[in-house]
Structures are given as structure tokens and as C-alpha cells.
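Using the sequences provided together with the hints, build the complete structure.
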Amino acid sequence: MMRLRQIFMMLVMLMAFMPSAFAQGFGDKLVLALADEYVDITTNFSGREVVVFGINETGGDLAVTLTGPRVYTIIRKKGQALGIWANVRAVGFGNVPLYYDYAVNRNVTSLSSSENLQRDGLGINAMKYEARARLAENEARPFHEALIRHKQQKNFFSYAPKSIDYTGGKLFKVVFKLPPDVPTGEYVVKAMAYKGGEKISEEKAYLQIRQVGFSAQLYRYAHEHSFLYGLGVVFFAVFFGYGAHALLSRR
Amino acid sequence: MHVYLPIAEMSISVEAILTLGLCVGFLSGFFGVGGGFLTTPFLMFLGVPPAIAVGTQTSQLVASSVTGVLGHWKNKNVDLKVAGVMLGGGVFGSIIGVFIFKMLQALGQIDVAIRLLYVFLLGTIGTLMLIETTASYWKKKKTGDNAAGEEKPGLMERMKAEMRKWPYKVRFPVSKLHISVFVPVGIGFIGGMLASILGIGGGFLLVPAMIYFLGMPATLVAGTCLFQIIFTTGFASIMHATANQTVDVVLASLLIIGGVVGAQIGVRASRYVSGSRARIFLAVLILGVSLVLAAQLLMAPKELYSMEVRL
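First to last, the sequence lines map onto chains H and X. Note that the working numbering numbers the first sequence so that position 186 is 186, with each residue one more than the last. Note that the working numbering numbers the second sequence so that position 12 is 12, with each residue one more than the last.
It is worth saying that the hints were derived from the structure and are not from the lab. Here the structure is a predicted model, which is why all the values come from computation and not from measurement. Where hints are given, some of them may not hold.
In silico DSS-like cross-links for lysine-lysine, where the CA-CA straight-line distance does not exceed 30 Å [unchecked claim]:
| no. | chain 1 | residue 1 | chain 2 | residue 2 |
| --- | --- | --- | --- | --- |
| 1 | H | K77 | X | K302 |
| 2 | H | K195 | H | K154 |
| 3 | H | K162 | H | K190 |
| 4 | H | K162 | H | K173 |
| 5 | X | K74 | X | K176 |
| 6 | H | K77 | X | K81 |
| 7 | H | K128 | H | K190 |
| 8 | H | K190 | H | K154 |
| 9 | X | K302 | X | K165 |
| 10 | H | K128 | X | K302 |
| 11 | X | K302 | H | K154 |
| 12 | H | K78 | X | K102 |
| 13 | H | K177 | H | K195 |
| 14 | X | K302 | H | K78 |
| 15 | H | K162 | H | K199 |
| 16 | X | K302 | X | K176 |
| 17 | X | K302 | H | K177 |
| 18 | X | K74 | H | K154 |
| 19 | H | K128 | H | K204 |
| 20 | X | K160 | X | K102 |
| 21 | X | K302 | X | K102 |
| 22 | H | K173 | H | K190 |
| 23 | H | K154 | H | K77 |
| 24 | H | K195 | H | K173 |
Pulled a few chain X residues facing chain H out of the computed Cβ check, cut under 10 Å [what the hints assert, rightly or not]:
| no. | residue |
| --- | --- |
| 25 | D111 |
| 26 | A222 |
| 27 | G288 |
We put the CB at the ideal spot given by N, CA and C, even for glycine.
Pasting the structure below:
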């Protein structure tokens, strides 16, 4: 079913954009579309693929990023205090994406200068977050490295970039794989084209990752009516405990 | 098979949680303890954030305590007055506990604090139990020998004597006690604090305290303690849900289901093992858990850095 939808999407895009592209001549056009604008998390959610389609008429090198909501993230360092290992130092980073993945077809560093890559948020190493503490560069570095290491271990940052699939000339496709515990929120898909070390075009699309159905209702209820939710859980537990006793003492 | 936990916002293996519930249920059936001291560390090991592990565990304890208390209730082994008075302290302890929990969380020391408390409590109780059980085992063998324990009048004896002098004495007719109201209130207070900070019922601490400091008849202790635990854990659960939104009903259900089945297996298995031998097993298990946690605190960790995302 997924495959059919993908083919359908490609055809739609071909029909929609190719004639206009021909009419205008080959400009610096970059077109982007998502196979699904929503990723619905239900109780049996176990990860999903996000399929990005697009047309690159720029002739430049292409890069696609998938970035989750940005939040404040704290990295703590353990040290020995009174003989036990406890957290002794903490550095907070602002604007850390909950999730980050990207796709390129050649070495990221060969696309543009490191300043440009940092500005565009392209590549794991290009990402610099503001440390919310006055720290010397060499002091902040181990915390920054730990942040990336932790994100990668959780599969929230990719170890290596995905590749961009050119299916028909200028038509491209990128597949990102979301892990089962992917954070919810609004994600940004950004396609950027580079030529001669400069960004020549950029296009964005938005992806909503959200809990739906029973799971979402529980989440909403637990946050909006937290007292009643707590009471409900306790009643449920009492009921279950009573039921278990009734069931088992019969034997 | 994986299931998505709506409050923890993560996907987790159903088998792992059911197995954990099964093991904890087995312990409660076999030894008559809640087994919460195993659940919280193990959930944390599976990647569940400590706050959600503790919050959710409290609601699972409600279910297992209800199952456990009903048998005692039928045999009229619950002293409602003692339980009620303990509960007064328990509710207060729960509130203070949730507050301390929140504070430690903000300080970023919740993991260390939980581990330290576990090491201290489990280490002390485990050691005392092991000494007591092996001592009685030895006594049986050499009947003529004088017990070494009688040499010291001891801090505990003095504390007990001191408590007899406390004011506001109240009669507890069912347990045939005449004792200061502060003793059961104090025991309940500690139980309530343990429930909200560690996510445990605290039976392993409350039962000896009720026998020793309150001087309750042994037949009434288990039922009364369980009855009281239903309310402190229930209260802690509501507090965690309201103040921190850290009670995951899907995770709780899985733990409860595993626990019910495990408890049945435990009760059956306990028929094949003598009580004193079971107590030695339990002491060794408690000590084992405390040693593992102590090692985590004392040994240099492989990963010095940890991450917390503030949403």
C-alpha cells in the first residue's frame, strides 16, 4: 500500500511541476513534498518511515534535513563526591533538537564552508548549541560531545547521513526511519541545494508527529485532568486487585 | 511485541514488563513482601525515566496490596484503628515525599538519591534479617550456648523504652495496645515518605517496626500493614499524577497483570519451602540488590555524562 502511495505521489508531482518547469526553462527550483504530513502514534506504534519526495531542478548538490522540536537539554557530569559517584557539574544547552536526521549524496563538508553548514544546521558536527553557562570552548566541548553521543545512542541523532535516491532524473526521494520512541511535536523537513559552496535554494515542509486515538486521549486526560486521572488509575488498581483476589480465591 | 506508553512517551517491550511484573508478583506471593524495591531499579534499567518508574509503581502497589489484604480481611486480621492512625502520618509523609522528590529532580540528583536510599535501607534490613535468621538457625543447633545479642542493651531497646514514655496515649483494643499516638503516626509517616520517594510500599521496613516498636500481635501486623499501604500508595499515586504527571496507566496495567499471575506462582512455590529458609533467601536477595546498587554508586561509571531533556 505504501508503495502504491509513493508511486502515486511521484506521478502527481511529475504532472504538477514538470510542465511548468519546462515552460519556465530550468530555473533554480526546488520542490518538496511529504508522503504523509502526519505521523500518528497509536498504542501499537513501533516506529515508522517518513518518505520525502522532491524535484531538484537547480543542478546543485542536494541536502535534506529532518529536525524535531528544539528544547532545553541538560548534560550532567558525574564525579566523585564523598566517595560516591554523583552528578557534580551540569551544562544546559538551548535549542537542541529532540530529533535530527539528514540526507546527502556527498561528503557534507565538501558542500559548503563550516560556517554555512552551521547556519543551515546541516550535519551532526555542524550543530552548535548555545551553552547556558560561561564556559571556555575547551571546557564545553566534552559536554557537547556527550550530548551528541547520548542522542546517537538513543537513535535520536543519526550516526551517518541517509542517501538521496534520484528515481527519475530530477525527481528525488529520501526515506527517514523514525524509532519507536520518537519524540512528538512539529518536525521540519528542509531541502537545500548547494552550488560552488553556496546555498542557492531552500524549501521547507512540516511534519506533525503526534499521539492519536486512545493513547492521545490518555495523555491529554493525564495532563488536563490530572487529579481525576490519578483517582481513576487508583480505582482501576483497586478494582483489578479485588478482581484478582476474587478470581484466585475461588480455586 | 512493543506497546507505546502514552505518559512516558516511549515504546517498550511488553514481554519485558510482564516478566518484571511476574518476578515481583512471585516475590510478593512467596515472601509476602511487595517487591517494589525490585521494580523501580529495573524499570530505570529498561530506560523508563525514574520519575515515571516511581510514580507508576505506586499504583501497581495499590493493586497488589488490595489482593493481599483481602485474605487477611476475611480472617479479621486487620486492626482498623491502628491502620487509620498510621494513615494520618502516612498521608503527611506522602505529601512531604512528593515535595522532596520534586526538589531532588530539579537539583538533578534524583538518581543518586534514590540509589543511596535503596542501598541504605536494603543494606540495613538485609543485614539485620540475615543476622537474625542465621542466628536463630545456629541457636537451634547449639541450645546450651548463650546468645551473643544479649550483651548490648542496644540503641533499639533504649528507643523502644523511650517511646513508651511519649504522651497522648491511646488504646487500640483489637491489638490490645496502650501506646502514644505518635508511634504509629511516626511509622506511618516513614511509610508514606518511602512510598512517594522510592515507589515502594515499605512493608519490609514497616512490618518489623510494627512488631518491634508498636508491639502488635504478629497475626495482625501483615494485614494491618497491607491495609495501610493501599492508602499511602494510592495517595502517593494521586499526588504523583497531579503534581508531576508521572503515572502511566498502560505501564501500570502491564505490571499489575504480570504481578497477579506471578503472585499465584509464588504462593504455590512457597508451600515447598520452609519459612526460615525463605527468609534467608529473601535476606540474600535484598542484600544482593543493595550490593548491585552500591557498586553502581562506588565504581567509576563507563559513561560519566548523562542527559536530561526539559520539555
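(request) Please verify that hint: D111 of chain X, Cβ, nearest Cβ of chain H, below 10 Å or not. (result) Hint holds; D111 of chain X Cβ to chain H Cβ min 8 Å, cut 10 Å.
(message) Tell me if the straight-line CA distance from K302 of chain X to K102 of chain X falls inside 30 Å.
(response) 27 Å, holds
(message) Check whether the Cα positions of K302 of chain X and K78 of chain H lie no farther apart than 30 Å.
(response) 10 Å, holds
(message) Tell me if the straight-line CA distance from K302 of chain X to K177 of chain H falls inside 30 Å.
(response) OK: K302 of chain X and K177 of chain H at ~29 Å, within 30 Å.
(message) Check the hint pairing K302 of chain X with K154 of chain H against an upper bound of 30 Å on the C-alpha distance.
(response) Holds: K302 of chain X and K154 of chain H sit about 17 Å apart, inside 30 Å.
(request) For the pair supplied as a hint, K128 of chain H and K204 of chain H, confirm whether the alpha-carbon distance does not exceed 30 Å. (result) Within the cut-off at roughly 21 Å; holds.
(message) Between the alpha carbons of K128 of chain H and K302 of chain X, is the straight-line distance 30 Å or under?
(response) Given that 30 Å is the threshold and the Cα spacing comes to 25 Å, the pair holds.
(request) Would you settle whether the hint for G288 of chain X is holds or violated, based on the nearest Cβ-Cβ distance to chain H being less than 10 Å? (result) 19 Å, violated
(message) Given the hinted pair K154 of chain H and K77 of chain H, is their Cα-Cα distance within 30 Å?
(response) 18 Å, holds
(request) Would you mind confirming whether the straight-line C-alpha gap from K162 of chain H to K199 of chain H stays at or under 30 Å? (result) 20 Å, holds
(message) Restraint: A222 of chain X near chain H, CB-CB cut 10 Å. Satisfied or not?
(response) Violated - the Cβ of A222 of chain X stays beyond 10 Å from chain H, reaching only about 15 Å at its closest.
(request) Could you grab the alpha-carbon distance between K173 of chain H and K190 of chain H and see if it respects the 30 Å cut-off? (result) Measuring from Cα to Cα gives roughly 13 Å; hence the hint holds.
Checked against the numbered hints given earlier, this structure breaks hints 2, 6, 9, 16, 18, 20, 26 and 27; the rest are met.
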